[in-house]
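Next come the chains, spelled out residue by residue.
2 protein chains.
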Amino acid sequence: MSLTPSLERLAGAIASFPGLGRKSASRIAYHILNMTDSEATELINAINSARESISRCSKCQNLSETEICPICSDSRRDVTTICVVEDAKAAEVIESLHEYKGLYHVLHGVISPLDDIGPDDIAITELLARIDGSVKEVILATNPSTEGEATAMYIKMLLSPFGVKVTRLAYGLPVGASLEFADSVTLLRALEGRSDI
Amino acid sequence: MSLTPSLERLAGAIASFPGLGRKSASRIAYHILNMTDSEATELINAINSARESISRCSKCQNLSETEICPICSDSRRDVTTICVVEDAKAAEVIESLHEYKGLYHVLHGVISPLDDIGPDDIAITELLARIDGSVKEVILATNPSTEGEATAMYIKMLLSPFGVKVTRLAYGLPVGASLEFADSVTLLRALEGRSDI
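If you're matching them up, the sequences are chains A and B in order. Last residue of the first sequence: 197 (this note's numbering), numbering continuous. Last residue of the second sequence: 197 (this note's numbering), numbering continuous.
Since the hints were derived computationally from the structure, they do not count as laboratory data. Quick caveat: nothing in here was measured; it's all calculated off a predicted structure. Take the hints with a grain of salt, since some may be wrong.
When chains are identical, the list treats them as one kind, so a pair holds in a single copy or across two.
[Said to hold, decoys possible] In silico EDC-like links for lysine to aspartate or glutamate, alpha-carbon gap of 16 Å or less: (1) Lys23 <-> Glu92; (2) Lys89 <-> Glu8; (3) Lys23 <-> Glu95; (4) Lys23 <-> Glu8; (5) Lys156 <-> Glu126.
Extracted from the complex, chain A is given alone in its bound form (with noise of 0.2 Å):
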């Protein structure tokens, strides 16, 4: 009997969150009962208006509160490069690097048989249906996780036929860090994808 039972529900509402345990969601469930009224208000509409106004760009599938997204409808967007990510969470990673300029498409989801997802449940048609003549390079940036990796394996079997170029992402050693803590099937992957300097 410690927290009381509104407390709990609130808290394991928190700890369904990614990344937090239940001590932190517990403390963050105290933090938001200490909230001010506005705050509290301004949080609820928050998640509201984020679930309600945010849904897929036609194009690239990525989250929108437009039809097309501000990165589809931005001209000076290399239209030749098409980065394809999972999720919009990828796509941010990237764009926040500021040195992409091509468009992306993104997946929701990997091809995972474990979990009961197929090709046809993510946005693998959309992709293909992207594919013109002004498309010259289709770059795969899946997570370098087995389900990543098979899902670029299918993605590139189908484009073969549109003749487009397809790369994707360098394997290698994270700059900054030791050959001592790297694991063994990353040091391989540097080995091989080893350059000329």
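For chain A, the structure is supplied; the task is to place chain B on it using the hints.
Leaving out everything else, chain B in the frame of chain A:
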């Protein structure tokens, strides 16, 4: 231009939670976006229900959904001992030890002149009102910080006319810690508080 404005707003509201940085907040914002409708409804109902149904126990000032909290109304508790804590979280932590059988008193803050919090802004008057012939010991369990320490000293002074025993939690090395990493103040307190074995 990475997050959409609504997602940015939601991540901003979440970033104010304790212990969360900007990256975790944006990760949680995406998670909330991907919740099912029923999960999102449950989250919002849990927030509203906690904020509406929880107030303070009229005796110990701990958070409670009833006029008198379950601990104060439990006849098996030892009413001769009151443990004074800064907040409901601290009472929860002590309660989770399943060792302390007395009552609590929640101050809801500590005296902190820098933050403009004086003795009248925390529940000290309510504590004094509880000191009658039946209370034998008051355990001051405020945090081992400057403010917690000052608040404890101030309460000790107010309690002296009542002739009640006033104690403070022990300072010392955390169990399992190494001397090497202990800060000098803690080490000094551990030395001062040494006991025969």
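Results for each hint:
In the homo-oligomer, the alpha carbons of Lys23 and Glu92 lie at most 16 Å apart only across protomers (11 Å), although the nearest pairing inside one protomer, at 29 Å, exceeds that limit. When the C-alpha separation of Lys89 and Glu8 is checked against a cutoff of 16 Å, the pair qualifies only between copies, where the shortest distance is 12 Å, while the shortest distance within a copy is 30 Å. Within a single copy, Lys23 and Glu95 get their C-alpha atoms only as close as 33 Å, which misses the 16 Å cut-off; across copies the closest is 14 Å, which meets it. For the homomeric pair Lys23 and Glu8, the shortest alpha-carbon distance inside one copy (12 Å) is at most 16 Å, but the shortest distance between copies (26 Å) is not.
In this homomeric assembly, Lys156 and Glu126 come within 16 Å of each other (Cα to Cα) only inside a single copy, at 15 Å, whereas the closest approach across copies is 71 Å.
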